[in-house]
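2 protein chains.
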Amino acid sequence: MTIKDIARLCGVSVSTVSRVLNNRPDVSPEVRQRVLSMVEDHNYIPNNSARDLVKTQSDTLGVVVRGMSNLFFAEVLKAVTQTIDSRGYTAVMRQIGSDGDELKTGAVLEREKKLRGLLFLGGRFDYTPGEAALLNVPFVCCSYTNWFGSLREEDFASVSIDDRAAAHQAVSHLLALGHRRIAAVVPSRSDRSISELRYMGYRAALADWGIPPDPALVAECGGCFEMAEAYAAVERLLAAGAEFTALFTLSDTMAMAAIKALTDHGVRVPEDCSVVGIDGIPLSAYTVPTLTTLVQPAEEMGRESVALLLSMVEGTGGPRHVRMETTLRQGSSCAAVRQPVVPHKSVERE
Amino acid sequence: MTIKDIARLCGVSVSTVSRVLNNRPDVSPEVRQRVLSMVEDHNYIPNNSARDLVKTQSDTLGVVVRGMSNLFFAEVLKAVTQTIDSRGYTAVMRQIGSDGDELKTGAVLEREKKLRGLLFLGGRFDYTPGEAALLNVPFVCCSYTNWFGSLREEDFASVSIDDRAAAHQAVSHLLALGHRRIAAVVPSRSDRSISELRYMGYRAALADWGIPPDPALVAECGGCFEMAEAYAAVERLLAAGAEFTALFTLSDTMAMAAIKALTDHGVRVPEDCSVVGIDGIPLSAYTVPTLTTLVQPAEEMGRESVALLLSMVEGTGGPRHVRMETTLRQGSSCAAVRQPVVPHKSVERE
Chain A
1 MTIKDIARLC GVSVSTVSRV LNNRPDVSPE VRQRVLSMVE DHNYIPNNSA
51 RDLVKTQSDT LGVVVRGMSN LFFAEVLKAV TQTIDSRGYT AVMRQIGSDG
101 DELKTGAVLE REKKLRGLLF LGGRFDYTPG EAALLNVPFV CCSYTNWFGS
151 LREEDFASVS IDDRAAAHQA VSHLLALGHR RIAAVVPSRS DRSISELRYM
201 GYRAALADWG IPPDPALVAE CGGCFEMAEA YAAVERLLAA GAEFTALFTL
251 SDTMAMAAIK ALTDHGVRVP EDCSVVGIDG IPLSAYTVPT LTTLVQPAEE
301 MGRESVALLL SMVEGTGGPR HVRMETTLRQ GSSCAAVRQP VVPHKSVERE
Chain B
1 MTIKDIARLC GVSVSTVSRV LNNRPDVSPE VRQRVLSMVE DHNYIPNNSA
51 RDLVKTQSDT LGVVVRGMSN LFFAEVLKAV TQTIDSRGYT AVMRQIGSDG
101 DELKTGAVLE REKKLRGLLF LGGRFDYTPG EAALLNVPFV CCSYTNWFGS
151 LREEDFASVS IDDRAAAHQA VSHLLALGHR RIAAVVPSRS DRSISELRYM
201 GYRAALADWG IPPDPALVAE CGGCFEMAEA YAAVERLLAA GAEFTALFTL
251 SDTMAMAAIK ALTDHGVRVP EDCSVVGIDG IPLSAYTVPT LTTLVQPAEE
301 MGRESVALLL SMVEGTGGPR HVRMETTLRQ GSSCAAVRQP VVPHKSVERE
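Read top to bottom, the protein sequences are chains A and B.
According to our numbering, the residues represented by the first sequence are 1 to 350, in order.
According to our numbering, the residues represented by the second sequence are 1 to 350, in order.
Do not rely on the hints blindly, as some may be mistaken.
A pair counts as met if it fits within one copy or between any two copies, since identical chains are not told apart.
Okay, derived cross-link-like pairs now, DSSO-like style, lysine-lysine, Cα gap no bigger than 27 Å in a straight line [as the list claims (entries may be wrong)]:
| # | residue 1 | residue 2 |
| --- | --- | --- |
| 1 | K114 | K4 |
| 2 | K78 | K113 |
| 3 | K78 | K114 |
| 4 | K113 | K4 |
| 5 | K4 | K104 |
By construction, these hints were calculated from the structure, which means they are not laboratory data.
Let the hints inform the model, and build the full structure from the sequences given.
The following block contains the structure:
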C-alpha cells in the first residue's frame with residue numbers, strides 16, 4: 001500500500017493525500033474524511049523517509065537520568081517523553097547510577113547522536129564552567145539547580161523546586177504538631193547536592209524553633225534515595241537507642257522504607273512516630289498509613305523542562321530558571337506528639 | 001581539544017590515540033595508560049561523527065511501552081535500556097496508554113527512525129498476521145505472548161512468564177492456607193489479553209480444588225493495572241457485601257491498592273483477609289504488611305528480550321519464545337483462613 005494506492009482508491013490526486021497527511025488546511029472536510037478513513041482501513045503508514053533525508057538538522061534530544069530507580073523521576077520522565085514526542089522531536093535516553101557523571105555522559109551522547117539539546121533528570125549541584133563547557137548544545141537541569149556550583153545564571157537553565165524550602169516546610173509540619181525530637185534520614189549531610197540542600201532545610205526549621213541539632217538523630221545512609229539504605233539507617237537509629245517522636249526523610253520511597261523499618265521493630269506509625277516524605281508520587285497515597293508528603297508537580301516539571309529546552313534549541317528564548325511550588329498533602333503518617341520512641345522487637349506473621 | 005592535541009601532548013601519533021580510544025590491542029600498556037590519563041585530564045570526548053557518517057545502517061531500536069505507570073515495566077525497562085546501550089545500539093522509546101495500538105505506534109516509529117528492530121513492552125495477546133505485517137523489522141513481545149492470536153510461532157519472538165500458571169500458583173497458595181472464598185480483582189475477564197489469561201489461572205486453581213466460581217467475588221476494574229481502579233473495585237466488593245477471606249490481584253501495585261482499600265474499611269490484612277499479587281517489584285518488600293507475591297525476573301526478562309532481538313537483527317538467530325519462571329515470595333500479607341470478611345467502616349487519623 002503506497003500513497004498512490006490511497007489516492008487511486010479515494011479518487012483524488014497524490015498531492016491531495018499528502019496535504020491531508022501533513023494536516024494542511026487547503027482540503028475540503030469531505031475529502032479529508034474520505035482520505036483518513038481509507039488510511040485507517042488499510043493500515044497505511046505514511047513513509048517520511050524522503051522528508052527525513054532532506055532534513056539538514058537532527059531532531060534528537062538527549063535525556064540523561066541519574067538515579068535509575070527513582071520513582072519520582074519515573075513520573076517526570078513520562079511527561080518529558082510525551083512532550084518531546086508531541087513536539088515532533090526524538091528522545092534518546094541514557095540512565096546512569098548515583099555515582100555516574102551526567103555531564104560526561106551527556107557530552108558523549110551529544111557527539112554520538114548529534115543532539116540538539118540535553119535534559120538532565122537529576123544531577124550534581126556543583127558544576128564549574130569548565131565542566132559545563134563539555135556541552136555544545138543547550139541543556140536544562142530538571143529537578144535540580146547549581147546551588148553549590150559556579151555557573152553563571154545565563155549559562156544554563158533549570159526547572160526545580162526550592163529544595164531547602166520544601167524540607168523546611170516538611171519539618172515545620174512536624175514541629176507544628178508538637179514534635180521536638182525529629183530524626184532525619186538523609187543520604188549525606190555534605191554531598192554538595194540535593195541531600196545536603198534538604199538537610200539544610202531540616203536544620204533551618206529546627207533553628208526557627210530554637211532547637212539545637214542533635215547528631216544522634218541524623219542517620220546518613222549514602223546512596224541515592226534507595227529503600228534498602230533508608231531501611232538500614234532507621235534500624236541503626238533504633239539500635240543506637242536514639243529517642244525521637246518524628247522522622248524526616250528526603251523522598252517518598254525512603255519514607256516508605258522508614259515506616260517499614262519502624263513497624264518491623266514494633267514502633268507504630270503515627271502513634272509512636274510520625275513520618276514525612278517529599279515527592280508525592282501516586283503510590284504514596286496508597287501506603288498504610290497514607291504518607292504525609294510535600295508534593296512536587298512532577299508532570300508540570302517534565303513538560304516545562306522540555307518547553308524550556310526547545311525554546312533554547314529553536315532560538316525563541318534564552319535560559320531561564322523556573323522554580324516550582326510544593327504543596328503539603330496530609331496523609332495519616334503524622335500525628336500530634338506523644339511519647340519518645342522506645343524500640344522493642346516484634347515478629348512478622350506467616 | 002582535538003585528537004591531534006591529545007596525540008601531541010602524549011608524544012604519539014594520532015592513529016595511536018585512535019587505536020587506544022577504539023580499544024584495539026596493538027598498543028603498549030604504557031602508551032595506553034598515558035593516552036587515557038591525558039583524555040581523562042582534559043575531559044576529551046572522542047568525536048565519532050566521521051565514523052557515524054560512513055555507517056550505512058542505523059543503530060536504532062524502538063521500544064514501545066504500553067501502560068505508562070506500570071512499575072514492573074519500569075524495572076524491565078531499566079535492564080532493556082542498559083542492555084541496548086551496552087551493545088552499542090540506540091534506544092528510541094515511545095509510551096502509549098492501555099488503549100493505545102502498539103503495532104501502529106511501532107510501525108510509525110519504524111519508518112520515522114529507520115529502526116533495525118522493535119521491542120514491545122506489554123501489548124495485546126491477539127495479533128493477526130495482517131496486523132503484524134505492518135512491521136518490516138524483527139520484533140520481540142516482552143512480558144506477553146500471542147496466546148489469543150493467530151501468528152505463526154516462527155513469525156515473532158517473545159519473552160514472558162506463563163501468565164496462567166503464575167496466577168494458578170498465586171491462588172493455589174491461598175487455597176493451601178485454607179481459603180475457599182477467594183475474591184479476584186482483574187481489569188477484565190475477557191479482554192483477550194494478560195488480564196483474561198491470569199483470570200483463567202484463577203479459575204483453574206479453584207477448579208482443581210472443586211470450588212465453583214462465584215461471580216459475586218470477581219470485580220472487574222477496567223484500565224491497565226491502575227491503583228485507583230483496583231481500590232474502587234475492592235470498595236465495590238465490600239459495599240456489595242461480598243464475603244471473602246482472601247483476595248487475588250493481577251499485580252503488586254493493584255495488591256497494594258487492595259490492601260489500602262481493605263484497611264481503610266476496617267478489614268485487617270492478613271488477619272481478616274489475605275492478599276496476594278504478581279510481579280515482585282522491589283517496593284513490594286517494603287509495604288506494610290510485606291506483600292506475598294509471585295516474583296517475575298524483571299531484569300532477566302529485559303536483558304533476554306534485547307539479546308533475542310539483537311540476534312534477529314544481526315542475523316545470528318531466529319525468533320524464539322522464552323518462558324521465564326516465577327517464584328513465590330512469602331511476605332506477611334497472607335495467613336491461614338479464619339472468618340469471612342464482615343466490612344465495617346473505620347476513620348483515618350490526622
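Structure-based check of all given hints:
In this assembly of identical chains, the alpha carbons of K114 and K4 lie at most 27 Å apart only when taken from different copies (21 Å versus 34 Å within one copy). Taking the closest pair of Cα atoms, K78 and K113 come within 27 Å of each other both inside a single copy (22 Å) and across two copies (20 Å). In this assembly of identical chains, the alpha carbons of K78 and K114 lie at most 27 Å apart whether taken from the same copy (23 Å) or from different copies (24 Å). With identical chains, the CA atoms of K113 and K4 are at most 27 Å apart between copies only, with a shortest distance of 22 Å across copies and 34 Å within one.
When the C-alpha separation of K4 and K104 is checked against a cutoff of 27 Å, the pair qualifies only between copies, where the shortest distance is 20 Å, while the shortest distance within a copy is 47 Å.
Violated hints for the displayed structure: none, as all numbered hints are satisfied.
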